[in-house]
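Visitor: Sequence:
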Amino acid sequence: MNIKLLLLMLFVILSLPLSAEEMLDYKRVVTDIPTTSKKFLKTAFSKEAIGPWMTIFGSTAVLFAYDEELLESSQRAGRDLGIGNGDATETIIEIRGQDILRLPTDTASGLYFLGDGWLHGSIAAGFIINGYSNQAARPYNTGLQLAHGMFVSTIFNQALKRSFGREDPNFASEKRGAWRPFPSFKAYNDESAKYDAMPSGHVMTATLMFTVVTLNYPEYAYLTWPVGITWITVLSFQMMNNGVHWASDYPLGIAMGYLAGKLAYEMVHPEKPEVDAQDKNKQQEPEVAFYPAVTPEGSTLNLIYSF
754 MNIKLLLLML
764 FVILSLPLSA
774 EEMLDYKRVV
784 TDIPTTSKKF
794 LKTAFSKEAI
804 GPWMTIFGST
814 AVLFAYDEEL
824 LESSQRAGRD
834 LGIGNGDATE
844 TIIEIRGQDI
854 LRLPTDTASG
864 LYFLGDGWLH
874 GSIAAGFIIN
884 GYSNQAARPY
894 NTGLQLAHGM
904 FVSTIFNQAL
914 KRSFGREDPN
924 FASEKRGAWR
934 PFPSFKAYND
944 ESAKYDAMPS
954 GHVMTATLMF
964 TVVTLNYPEY
974 AYLTWPVGIT
984 WITVLSFQMM
994 NNGVHWASDY
1004 PLGIAMGYLA
1014 GKLAYEMVHP
1024 EKPEVDAQDK
1034 NKQQEPEVAF
1044 YPAVTPEGST
1054 LNLIYSF
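The sequence shown begins at 754 in our numbering and counts up by one.
Some hints here could point you the wrong way.
[Stated by the list, open to error] Pairs of lysine-lysine residues, derived as DSSO-like cross-links and limited to a Cα-Cα distance of at most 30 angstroms, are as follows:
(1) K791 / K1015
(2) K780 / K795
(3) K780 / K1025
(4) K780 / K792
(5) K1025 / K795
(6) K928 / K939
(7) K1025 / K1015
(8) K1015 / K792
(9) K791 / K1025
It is worth saying that the hints were derived from the structure and are not from the lab.
In this text the structure is predicted, and so the values were computed from the model without any measurement.
Hey, can you work out the whole structure from these sequences and the hints?
Guide: Here's what the structure looks like:
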């Protein structure tokens, strides 16, 4: 075969972009927490976030005005459906008075479990195990992104819960729940239900999970989007039904879950920096270059015109 043709084929092959992603270093789940946390804050307080913040504030304000009515309607629907308004989740593992693992025992607690960290952690572990055993980067990285996103989002979620100090509906001492900002660590740990309503960590984690999975598997978005919306809607209803959350606790939780999921995805697929108009015009300007060459027929001057 002609050597020139071989070289041309080699050049074409080497020029093709690699479609297969590499497997992440598992240590980045922890070591990237500071970097992702910084990006989280930078994105949240950027100029581009003004629109989303207006949506969050607006929807929260509207829901806050109807919190009592929405709570009563949800609990009435729960009774009509025969699932009741209680929480039958059973503690399986407890250490020094702190519940470590709680599992559902009926339909109502099963719906509440849709937002539990143990469930989402198990899903992340499933992706990791599947990817590692098959040496498949995409599921492996998806699982690591889920774990990383849960770490980062939980840090900010806990910080905001302790900052707002809003009562759960079940322990509300006044209409829409009292607000006791910055409780002591002891007070929060002893009676967390008096302080941890807003924002919803369950809704945040569920949103994060579907964001990461959809971004990694865009070809299945026609399934993940409707399933995710249904999942989060059912979960949101049940947490009002059992008196764990107010409706106005959800918008901020959803936004946090989406942002944390998007940033976790960027561990593997970093966002390309935007090119400003001036640089873009420079890139589009045609370039002319000359170079000399020597052939058996003699010396020549060659012209290259790129555009």
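Visitor: Of all the hints given earlier, name the ones this structure violates by number, lowest first.
Guide: none
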